[in-house]
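Novice: Here is how the chains run, residue by residue.
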Amino acid sequence: MSSWDQVTFSLSPRSKGCYLITKEVLEKVPQIKNYEVGIINLFIQHTSAGLTLNENCDPDVRTDMDAALDRIAPEGDHYIHADEGPDDMPGHVKSSTVGVSLSIPITNGKLNTGTWQGIWLCEFRNYKHTRRIVATINGKRK
Amino acid sequence: MSSWDQVTFSLSPRSKGCYLITKEVLEKVPQIKNYEVGIINLFIQHTSAGLTLNENCDPDVRTDMDAALDRIAPEGDHYIHADEGPDDMPGHVKSSTVGVSLSIPITNGKLNTGTWQGIWLCEFRNYKHTRRIVATINGKRK
Amino acid sequence: MSSWDQVTFSLSPRSKGCYLITKEVLEKVPQIKNYEVGIINLFIQHTSAGLTLNENCDPDVRTDMDAALDRIAPEGDHYIHADEGPDDMPGHVKSSTVGVSLSIPITNGKLNTGTWQGIWLCEFRNYKHTRRIVATINGKRK
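From first to last, the protein sequence lines are chains V, U and H.
Once you know that position 115 of the first sequence is 231 in the numbering used here, the rest is easy, because the numbers rise by one and skip nothing.
Once you know that position 37 of the second sequence is 153 in the numbering used here, the rest is easy, because the numbers rise by one and skip nothing.
Once you know that position 73 of the third sequence is 189 in the numbering used here, the rest is easy, because the numbers rise by one and skip nothing.
Note that these hints are calculated values from the structure, not bench results.
What you are looking at is a predicted structure, and each value in this text was computed from that prediction instead of being measured.
Errors might be hidden in some of the hints.
One copy or two, either will do: identical chains are not told apart, so a pair holds if it fits within one copy or between any two.
What the hints assert, rightly or not - List of simulated lysine-lysine pairs, DSS-like, C-alpha gap at most 30 Å: (1) Lys144 <-> Lys226; (2) Lys149 <-> Lys226; (3) Lys149 <-> Lys256; (4) Lys258 <-> Lys139; (5) Lys256 <-> Lys144; (6) Lys226 <-> Lys258; (7) Lys244 <-> Lys144; (8) Lys258 <-> Lys149; (9) Lys258 <-> Lys244; (10) Lys132 <-> Lys256; (11) Lys258 <-> Lys144; (12) Lys256 <-> Lys244; (13) Lys149 <-> Lys139.
All chains, please: the whole structure from these sequences, using the hints.
Specialist: This is the structure:
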């Protein structure tokens, strides 16, 4: 038999860059520990930010990722949609490249991620934005 | 207790570009309104098209996205797989970049997307193709 | 009523490239055939590999994809995180571009993928690595 939990929460506002938010997510969704097996879907309700899983140790990886995404979707005068600032349209491209949701397995009350995996917020706008996440857990309770 | 609905449908054929299809999806999957909480998975059964969530307002964003994806995976004579036309292999690369499925939370009978988020079809082939989507809903009914 | 199955398995080790692993996955997760309708989530527990769906026929497409991802995230001296080799940081960027999980619909005991779709492992490190996948099935049993 399956149970459901759904929680909406805001992340603390951050300026452009990649951030490790595993701890922040786990604090907002303590219900994970009640599930023996299941899936948590994390969904960010924005179009110039993204969620991804990547390395959870060396902060330089996050700095390099931010720069690499700038090379993949550079600012420039080649966009039509330019009214919201030079960082806006590149942000939309990065958002569709990185994605806005994650589906992560739960096993014995914990995220069943690899040793080196952490949850990242990728913020693509220069100025700090408050980003909202809908977390939906579905699984079999302990 | 969880319920399931699964619907397969075709999108109206479109030539290369990015398209807002939220309304078309909602018309094909009216079952969404029966769920108090859940997840809808939209899965496009193709390898040179993609599904993404992005800005639902200014059509210029879709035009810019199509051009940005052309820069990320340009046509050219650097592909071995070239028999199906110059737009084919770039289409495969874009498909793996953007992705072919979306998992979107449902809350109180509605997609729980952000204010500015819409569902996009990204068509990567020049000529019009009819694309099939498998929509799978899992959740707790109202 | 929903059932759950969860299986963790290792793929046979491979060096850098894209590989069709549909058959390997189906052998590791025979439980798929027990489900009338559902979703399988495949989650790779690594940060320099990825999972994607793409063309299941011509091996040249996999060769071209590997080269295309090299153009999207090239090796070079522009990374700060360089201690683990020149292929490491590009691998992290590709992993967040391609993604580490897939959610695929199940219908009548089979993956409901398109005719030309196969499951790919994208290995981004030069040397062979053993990669672990967590497969989680949720659905209505037959």
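Novice: With reference to the structure, classify each hint as holding or not holding.
Specialist: Cross-check of the supplied hints:
In this homomeric assembly, Lys144 and Lys226 come within 30 Å of each other (Cα to Cα) both inside a single copy, at 14 Å, and across copies, at 23 Å. For the homomeric pair Lys149 and Lys226, the shortest alpha-carbon distances inside one copy (6 Å) and between copies (27 Å) are both at most 30 Å. In the homo-oligomer, the alpha carbons of Lys149 and Lys256 lie at most 30 Å apart both inside one protomer (11 Å) and across protomers (20 Å), since each shortest distance falls under that limit. Taking the shortest alpha-carbon separations for Lys258 and Lys139, only the intra-copy value of 22 Å comes in at or below 30 Å, while the best inter-copy value is 33 Å.
With identical chains, the CA atoms of Lys256 and Lys144 are at most 30 Å apart both within one copy (20 Å) and between copies (22 Å). Taking CA atoms no more than 30 Å apart as the test, Lys226 paired with Lys258 passes in both settings, with 12 Å inside one copy and 29 Å between copies. When the C-alpha separation of Lys244 and Lys144 is checked against a cutoff of 30 Å, the pair qualifies only within one copy, where the shortest distance is 20 Å, while the shortest distance between copies is 38 Å. Taking identical chains as interchangeable, the C-alpha atoms of Lys258 and Lys149 lie at most 30 Å apart whether they share a chain (9 Å) or sit on different chains (26 Å).
Taking the closest pair of Cα atoms, Lys258 and Lys244 never come within 30 Å of each other, the shortest separation being 39 Å inside a single copy and 38 Å across copies. In the homo-oligomer, the alpha carbons of Lys132 and Lys256 never lie at most 30 Å apart, since the shortest distance is 38 Å inside one protomer and 37 Å across protomers. In this assembly of identical chains, the alpha carbons of Lys258 and Lys144 lie at most 30 Å apart whether taken from the same copy (20 Å) or from different copies (25 Å). For a Cα distance limit of 30 Å, the shortest separation of Lys256 from Lys244 qualifies neither inside one copy, at 38 Å, nor across copies, at 36 Å.
In this homomeric assembly, Lys149 and Lys139 come within 30 Å of each other (Cα to Cα) only inside a single copy, at 14 Å, whereas the closest approach across copies is 34 Å.
Violated hints, in rising order: 9, 10 and 12; the structure is consistent with all others.
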